[in-house]
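Asker: Here is how the chains run, residue by residue.
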Amino acid sequence: MLGYTITQWLFGILSFLAIMFGLLVVFSKNPVNSVLYLVLTFFCIAGHYLLMNAQFLAIVHIVVYAGAILVLFLFIIMLMNLNEDSEPQRTWLTKIIAAASGGLMLFVLIGSLKGAEKLTLTSYGAAQTGMVKNLGKVLFKDFLFPFEIISVLLLAAMVGVILIGKKETK
Amino acid sequence: MIAFVIYKFILCAIVFGVSLGVAAYSTLWERKFSAILQDRVGPDKAGPWGLLQPLADGGKMFFKEEIIPTVSNKFLFILGPSLFMLTALMTGAVIPWGADLVIGGKTYSAQITDINIGVLYLLGVVSVGVYGVMIGGWASNNKYALLGAIRASSQMISYEIAMGISVIALVVTAGGTLSLREIVQQQDAGFANIVYQPLGFLIFFICALAETNRAPFDLPECESELVGGYHTEYSSMKLGLFLFAEYINMFISSAIMAAFYFGGYNFPFAAEFYNAIGLEAGSIWITLIGFGAFFTKIVIFICVFMWIRWTLPRFRYDQLMDLGWRILIPLSLLNLAITVGVEYLRGNINF
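Which chain is which? The protein sequence lines are A and B, in order. If you're matching positions, the first sequence starts at 1 in this note's numbering and goes up one per residue. If you're matching positions, the second sequence starts at 171 in this note's numbering and goes up one per residue.
Any given hint could be a false lead.
To be verified - Distance condition first, Cα-Cα at most 20 Å in a straight line; then the derived EDC-like pairs of lysine to aspartate or glutamate:
| # | chain 1 | residue 1 | chain 2 | residue 2 |
| --- | --- | --- | --- | --- |
| 1 | A | K137 | B | E513 |
| 2 | A | K167 | B | E352 |
| 3 | B | K215 | B | E236 |
| 4 | A | K167 | B | D488 |
| 5 | A | K133 | B | E395 |
| 6 | A | K133 | B | D488 |
| 7 | A | K166 | B | E200 |
| 8 | A | K166 | B | E395 |
| 9 | B | K313 | B | E395 |
| 10 | A | K133 | B | D492 |
Everything labelled a hint here was simulated from the structure, so no lab data went into it.
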């Protein structure tokens, strides 16, 4: 079709949808709609993982992000009942600072991509990269130490949350 | 190619039809069952033994007045029940309903799709299923609906964890495969997985009760506190979709339990039985008898679900959370540790 393969078509469509929903997350007025658009964005990204033959990553992405984290987001936003009347209006100063820090974030992201083309990827068995068995071997054998460090980081965050959430006992 | 598409389409239509049919007659059986337990007659006016009751109920749902609250978010209000129904029906795609069928030298599998991450697909669909309830409850713009939705989603998230961990233990027993077809095929000789995973099955069963919002876990629609929970504002067929999806969920989770722990379409001495009556592998009769065995197990599970609903009182909310977080999750972790230890000693795991 028009000189492109089906994979390329799917890539194009998924990328378009992902970017469109990503923009809608930012531009929609209602925070609940934003979260729902974010769910759709995550589904598009899961589609990208599927295209790269990483089924495990795709489904875990949906289970963890769409199924758990965003449900909690939705939870909080639904309970907070945000709307224009009840929310205090932001001053111009806050808006400028927010825009500046967002811009800096973009700068950092682009900066991190700059050297990306020089990286060489180590392939773990070509087409089978995303299969559970290979992924497990890579995570729990070759990169066991960094993986455990990440879990310690998560544990620290969890302990922090419990400390903040705990009632003062005195 | 065309033949393949037609065959898959027919299979999808059959699974869809069977899910809806079983769900419809589950509603009748639920009422009959409660009638038996409470020494009543139950519905018996529509048709012989009340067999046309589901049709009458469905017709009533369709002809009721459709009310969309003016203060609701209309699009999300309609999306909620549709999404709940969609996720309820999606799980049927990875369940192997019967043994392979050979017609004219071609093998047809009685499973819509055999993806190598089938178990994870199930967990994924279950975790996305929360959105139907949450969106519906929030879009109603009613405090009871919102409270019901929040209860439903926190309950579903809490019990998903224990469910996931008990499934991991099952996957370890099954030799690391995540394909439902292989898990069922491994049980065709020897013992079913329930022998190796009794505790895992118990945890999975309790979590399945909680995930389907069935009593004693029906706090999200607890009428004495929350009017009707997340479907308070719904009427007509939208309410019907919510109620109906619950029965489909019950059917599908019964099917999953039968496939995971009770051998799916296998039954004791199946191979000997087929030999004795002279059936060759791939015969349509093997598929049909296997489906019959599978269906019997599913019906037994559905009856257990109903038996529990009409026997046990509802939990209090803190008891529900205690059971999920303080009992089931540690138990499922213990089960996983024991399973991995035993499999390591048997030499099935090597590092």
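Asker: Work down the list of hints and note, for each, if the structure agrees.
Answerer: Hints and how they fare:
1. A/K137 to B/E513: holds, 18 Å
2. A/K167 to B/E352: Since the Cα atoms of A/K167 and B/E352 sit roughly 49 Å apart, the hinted pair is violated (cutoff 20 Å).
3. B/K215 to B/E236: Judged against 20 Å, a Cα distance of about 27 Å means the pair is violated.
4. A/K167 to B/D488: Given that 20 Å is the threshold and the Cα spacing comes to 17 Å, the pair holds.
5. A/K133 to B/E395: violated, 48 Å
6. A/K133 to B/D488: violated, 39 Å
7. A/K166 to B/E200: violated, 44 Å
8. A/K166 to B/E395: The given pair, whose Cα atoms are some 28 Å apart, is violated under the 20 Å limit.
9. B/K313 to B/E395: holds, 12 Å
10. A/K133 to B/D492: Violated: A/K133 and B/D492 sit about 35 Å apart, past 20 Å.
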